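Residue numbers (the numbering used here), protein chains in the order written: chain A, 49 to 233; chain B, 783 to 931.
To be clear, the hints were calculated from the coordinates, so they are not data collected in a lab.
What you are looking at is a predicted structure, and each value in this text was computed from that prediction instead of being measured.
A hint or two may mislead.
[Claimed, not checked] Straight-line Cα separation of at most 25 Å, BS3-like style, residue types lysine-lysine; simulated pairs: (1) Lys151(A) with Lys787(B); (2) Lys860(B) with Lys823(B); (3) Lys860(B) with Lys874(B); (4) Lys823(B) with Lys787(B); (5) Lys874(B) with Lys823(B); (6) Lys874(B) with Lys138(A).
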Amino acid sequence: MNCRRAALLAIMTALCVGIQLAPRPPNVETTSLICFLTGFLFGAGFGAILGAMTMFLNGFFSPWGFAGIIMPFQMAGMALIGFVGGVYRKLLGGNPSKMTGTKILNLEVSLLAAFLTLIYDVLTNIGWALPSNTPIIAALISGAWFTVVHVISNTLFFGGAFFILVRVIGNFIGENTWSSRKEVS
Amino acid sequence: MELSKRSLIIFGLGWLTSLALLGCIAGYYHMECQNLLAKIKEYEGCVMRVNICINNGTAVWYNGTLVLAGCDLLSATKRIAIVNYTYWPSYKASFVDAINNVWKNGTHFWMWYRWTSNGWEYGPVGADTYILSPNETVMWRYEKPNYSP
């Protein structure tokens with residue numbers, strides 16, 4: 049990993065933790081976007097590690113208090129988002145703008161974000177339901193509106209910003225974002 | 783435009799997500815409804831339903847208005863309308879001056895009736911001293927009374 053890439057990753061990690069800890073409306077976050085983006089740009093493994101580390105730190109410093117037993121579920125959920133970012137990049141292959149229109153890609157990434165956010169919320173609800181002996185379905189249903197807010201906000205963030213950020217960061221790190229192999233060496 | 787297999791799979795996941803969210807929302811409101819019904823059942827002995835009509839020329843019915851058991855007519859009316867009233871110490875009762883901003887004047891007043899087996903009957907006392915019974919039907923009517931006030 050070269051210095052610029054290492055610096056960028058450090059910034060993204062700090063950004064993720066900072067955003068997680070900053071005052072914000074409940075369940076509106078851009079950490080998922082950054083983890084997915086990191087996975088996309090630097091490889092699935094790296095995205096997964098960033099997601100897990102962010103939620104690990106967030107679990108200790110969150111203004112809502114120590115995450116406790118939910119923490120591993122949050123780590124797993126965010127790691128999955130980062131990992132899928134890398135997998136999605138592999139699925140896209142070469143320069144996708146030559147394969148399909150940008151609108152399709154934006155829609156794809158929005159729907160993928162919606163699905164991954166739902167999985168994340170299901171995982172964290174399981175993490176809350178198991179120790180409190182609450183039926184998992186009841187836990188999911190009682191938090192339905194929080195999930196809706198989370199899914200909609202992430203869908204909008206991903207659809208509106210993901211490919212713009214890919215291009216901006218691709219230009220910044222000075223490489224062809226679409227064609228080079230992105231696994232961190 | 784031909785969609786790739788990847789796009790179709792992702793669109794399918796999006797469709798599943800929207801179905802799951804709709805299911806959660808439907809479940810949420812079903813659970814809320816069950817909770818409220820259980821609450822009403824829990825307070826069954828403490829609450830009652832009454833039917834109130836407000837007639838200022840146009841009758842508007844508030845059937846099944848939920849009030850506390852032993853509630854007086856004035857309090858029940860305040861649940862469904864904006865009521866202005868004056869307490870008269872000499873009568874030890876309150877009299878309604880206005881309902882929903884329709885004020886009494888020199889000729890017209892707010893009178894209340896209760897539904898009996900003989901039809902509508904004038905309210906015998908002030909609204910704040912009349913205790914409603916479960917499922918009772920009452921009516922406020924803006925009118926020129928039959929007697930001289």
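Going down the list of hints, with the structure as the test:
Restraint check for Lys151(A) and Lys787(B): the C-alpha separation of about 16 Å stays at or below 25 Å, so the hint holds. For the hint pairing Lys860(B) with Lys823(B), the CA-to-CA distance comes to about 24 Å; that is within 25 Å, so the pair holds. A hinted pair counts as satisfied when its Cα atoms are at most 25 Å apart, and Lys860(B) with Lys874(B) qualifies at roughly 19 Å. Of the pairs offered as hints, the one joining Lys823(B) and Lys787(B) is violated, with about 53 Å between alpha carbons and a cut-off of 25 Å exceeded.
The hinted pair formed by Lys874(B) and Lys823(B) fails the criterion: a straight-line CA distance of about 36 Å is larger than 25 Å. With a CA separation close to 84 Å, the supplied pair Lys874(B) and Lys138(A) exceeds the 25 Å bound.
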